[in-house]
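Asks: As a plain string of letters, each chain reads:
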Amino acid sequence: MSAPAIRVEEVSFSYGERQALQNVSFVVQSGEIFGLLGPNGGGKTTLFRLLSTSLPVQAGSAFVFDHNLASQPDAVRRVIGVTFQSPSVDPKLTVRENLIYQGHLYGLTGAALRKRADTLLTRLGLQDRASDITQTLSGGLKRRVEIAKSLLHEPRILLLDEPSTGLDPGARHDLWRYLHQLRTESEVTVLVTTHLMEEAERCDRLGLLNLGELVALGTPDELRTSVGGDCITIRTTAAIGDLQRRIHDRFHVDVQEIDGALRIERTDGHELVRDLVSAFPQEIKSVSFGKPTLEDVFIQRTGHRFWDEQSRMGN
Amino acid sequence: MTNGMLLPVWSLTLRELVRFVRQRSRAIGAFLQPVIFWVLFGTGFSESFRMQGVEGGPSYAEFFLPGIAAMIVMFAAIFSAISVIQDRNEGFLQGVLVAPVPRTAIVFGKLCGGTLLAVLQGLLFLGLAAALHLAGLVPDVRWNLSFGSVVGTIAFLGLMGFALCGLGYMFAWRLDSIQGFHAIMSVLLFPMWLLSGAFFEAPQSGWLKWVIAANPLTYGVAGLKRVMASDAAAVAHLPSMALCVIVSVAFAVVCVGIDVAMTRKQRVSN
Chain A
1 MSAPAIRVEE VSFSYGERQA LQNVSFVVQS GEIFGLLGPN GGGKTTLFRL LSTSLPVQAG
61 SAFVFDHNLA SQPDAVRRVI GVTFQSPSVD PKLTVRENLI YQGHLYGLTG AALRKRADTL
121 LTRLGLQDRA SDITQTLSGG LKRRVEIAKS LLHEPRILLL DEPSTGLDPG ARHDLWRYLH
181 QLRTESEVTV LVTTHLMEEA ERCDRLGLLN LGELVALGTP DELRTSVGGD CITIRTTAAI
241 GDLQRRIHDR FHVDVQEIDG ALRIERTDGH ELVRDLVSAF PQEIKSVSFG KPTLEDVFIQ
301 RTGHRFWDEQ SRMGN
Chain U
1 MTNGMLLPVW SLTLRELVRF VRQRSRAIGA FLQPVIFWVL FGTGFSESFR MQGVEGGPSY
61 AEFFLPGIAA MIVMFAAIFS AISVIQDRNE GFLQGVLVAP VPRTAIVFGK LCGGTLLAVL
121 QGLLFLGLAA ALHLAGLVPD VRWNLSFGSV VGTIAFLGLM GFALCGLGYM FAWRLDSIQG
181 FHAIMSVLLF PMWLLSGAFF EAPQSGWLKW VIAANPLTYG VAGLKRVMAS DAAAVAHLPS
241 MALCVIVSVA FAVVCVGIDV AMTRKQRVSN
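Residue numbers (the numbering used here), protein chains in the order written: chain A, 1 to 315; chain U, 1 to 270.
Bound-form chain A, shown alone (with noise of 0.2 Å):
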């Protein structure tokens, strides 16, 4: 194999005086999919910002193909193709304009540039939008004009900044389709950040991010098995400082209090609730038991959820 896609060495970066990356390190394989996991203000933004070449390198370095992102800011812009958050769309021109015009930005012209706008819209199944002005359309087509925008010159990295932000299910499922299919037929490199599980669920590998440190690095299946067999939550009605102690001097077991929660990790788990609820009648209000999840993991890492992921998940 050839360069790493991405490598990221010893990044940090700040805003004035708020740290919003630190020491932040790891690389990216040719031909992966790889997810950046992690609440609102984790730093996922930031990094992507970085990549993009949409904020300077501050401390560390980090190179794309070997393009060092400081001193060949054009040559990574030439190899990585952006979709940001909010598209970059010109709501006033028409999906077609707004590839052609993308297109002369990357040196593109003519009926090469016509082709391929033309390609990227059958595609991205826009062709009978083409020529709608593109403020007329919804969220979901506004956000494929913007990966048609993003894959115009081939990228050899695509870059996505939270893409399924105001996507109903449906359409979230026809990105992620496609970019595997990218993946898998164009070789283009894949890194995507997300703050939703189920997307996380379907990266190669993810490197999970939580103020600024990158917390955990690996498959979503080495991540789930690193915190071990399987995970209890016990909710209460009695003193929750109380209820943590008995269980951990009568199991001798790692109680962990998370958001009026406790949390138990345990190999054969089902053994431990049958015990913790005969042992504990009254105190014990609901247990939940299950194999870990990348929710699991965050905690495990972090010792706080993944906060406001429960809201999210429905969005």
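To be clear, the hints were calculated from the coordinates, so they are not data collected in a lab. Remember, it's a predicted structure, so these values are computed and weren't measured experimentally. One or more hints might be untrue.
To be verified - Under 7 Å between C-beta atoms, here's a sample of chain A residues computed to sit facing chain U: (1) T53; (2) S54; (3) D74; (4) R77; (5) S86; (6) P87; (7) P91; (8) K115.
Claimed, not checked - Calculated cross-link-like contacts (lysine to aspartate or glutamate; reagent style EDC-like; alpha-carbon spacing at most 16 Å): (9) A:K92 - U:E90; (10) A:K115 - A:E154; (11) A:K285 - A:D275; (12) A:K291 - A:D259; (13) U:K265 - A:E201; (14) A:K291 - A:E201.
To be verified - Sample of chain A residues with no beta-carbon within 10 Å of chain U, all distances over it, derived: (15) D90; (16) L141; (17) H173.
For each residue, glycine too, the CB sits at the ideal point set by N, CA and C.
Got chain A sorted already, so can you dock chain U onto it with the hints?
Replies: Same frame as chain A, but now just chain U:
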């Protein structure tokens, strides 16, 4: 290695024109207001206006004609600057900034588009003014319509347009709201036009004289008056042609230079 300059500049310029045509109210507003100003002020001031020391001098409508053309250029530049803020807010700018395009091309695309619109609107107005004049709707206006005069008019409209678009860009680049730009417009750009000799002549003495002399736009307006004048005596008191050209070019170069430096330096987060 970067992509060529011409293609992105041409493409970004063309985009400005297309957007202008798509926003019809903007086109109509930018064009009609100066016409109304010219007709109303020209008629209203026709009795009270007397050119200093020039017997049988120009009517106010004649005096005001180059000034109104300068105002059109000013408004076009303001719209161009507002479009910088729009491009940022609508998200278009972020896409341009991550493209392998020289930053200079981004600036020139915006400024060339704005300037071209300014010149076209200015010429359209002057053509309409000639039609109104022929129809007898405005008082007597004498006007040099030789080939050289038309070329000079276009040149000065273009120079002023480029400089003013550059000036607007300088402020708009740092602003994230159009409301914020309105303040710049009212306290800087509009007074700049008012104090350029476009609306009234510079007095012989006093602080106003110095403010007008220090205003770089004064030299664009004076240049325009010189190329449009049919009577050399009526413009003899204005800055010399050489000075007009030098200051106007320098004004444009400085503004563009600052714009390019700012665009190179600041990578933008939307």
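Asks: Please confirm whether A:L141 is truly not at the interface, meaning its C-beta sits more than 10 Å away from all C-beta atoms of chain U.
Replies: Holds: least Cβ distance 15 Å, greater than 10 Å.
Asks: A:K92 and U:E90 were given as a pair; does the straight-line alpha-carbon distance stay at or below 16 Å?
Replies: Judged against 16 Å, a Cα distance of about 10 Å means the pair holds.
Asks: Below or equal to 16 Å on CA atoms is what counts here, so check A:K291 against A:E201.
Replies: holds, 14 Å
Asks: Minimum Cβ distance from A:S54 to chain U below 7 Å?
Replies: holds, 6 Å
Asks: If you draw a straight line from the CA of A:K285 to the CA of A:D275, is it 16 Å or shorter?
Replies: Roughly 15 Å between the alpha carbons, so the hint for A:K285 and A:D275 holds.
Asks: Against chain U, with CB atoms and a cut of 7 Å, does the hint on A:T53 hold up?
Replies: At 6 Å from the nearest chain U Cβ, A:T53 passes the 7 Å test, so the hint holds.
Asks: Holds or violated: A:K291 with A:D259, Cα cutoff 16 Å?
Replies: The given pair, whose Cα atoms are some 20 Å apart, is violated under the 16 Å limit.
Asks: Taking 7 Å as the limit, does the beta-carbon of A:S86 come near enough to a beta-carbon in chain U?
Replies: holds, 5 Å
Asks: Once the shortest beta carbon distance from A:P91 to chain U is found, is it less than 7 Å?
Replies: Holds, because the Cβ-Cβ distance from A:P91 to chain U comes to roughly 6 Å (cut-off 7 Å).
Asks: Determine whether the non-interface label on A:H173 survives the test: each CB of chain U must be over 10 Å from its CB.
Replies: The claim stands: A:H173 keeps its Cβ more than 10 Å from every Cβ of chain U (closest is about 25 Å).
Asks: Is the nearest CB of chain U more than 10 Å from the CB of A:D90?
Replies: violated, 5 Å
Asks: Against chain U, with CB atoms and a cut of 7 Å, does the hint on A:K115 hold up?
Replies: This interface hint is violated because 18 Å lies over the 7 Å limit.
The earlier numbered hints that this structure contradicts are 8, 12, 13 and 15.
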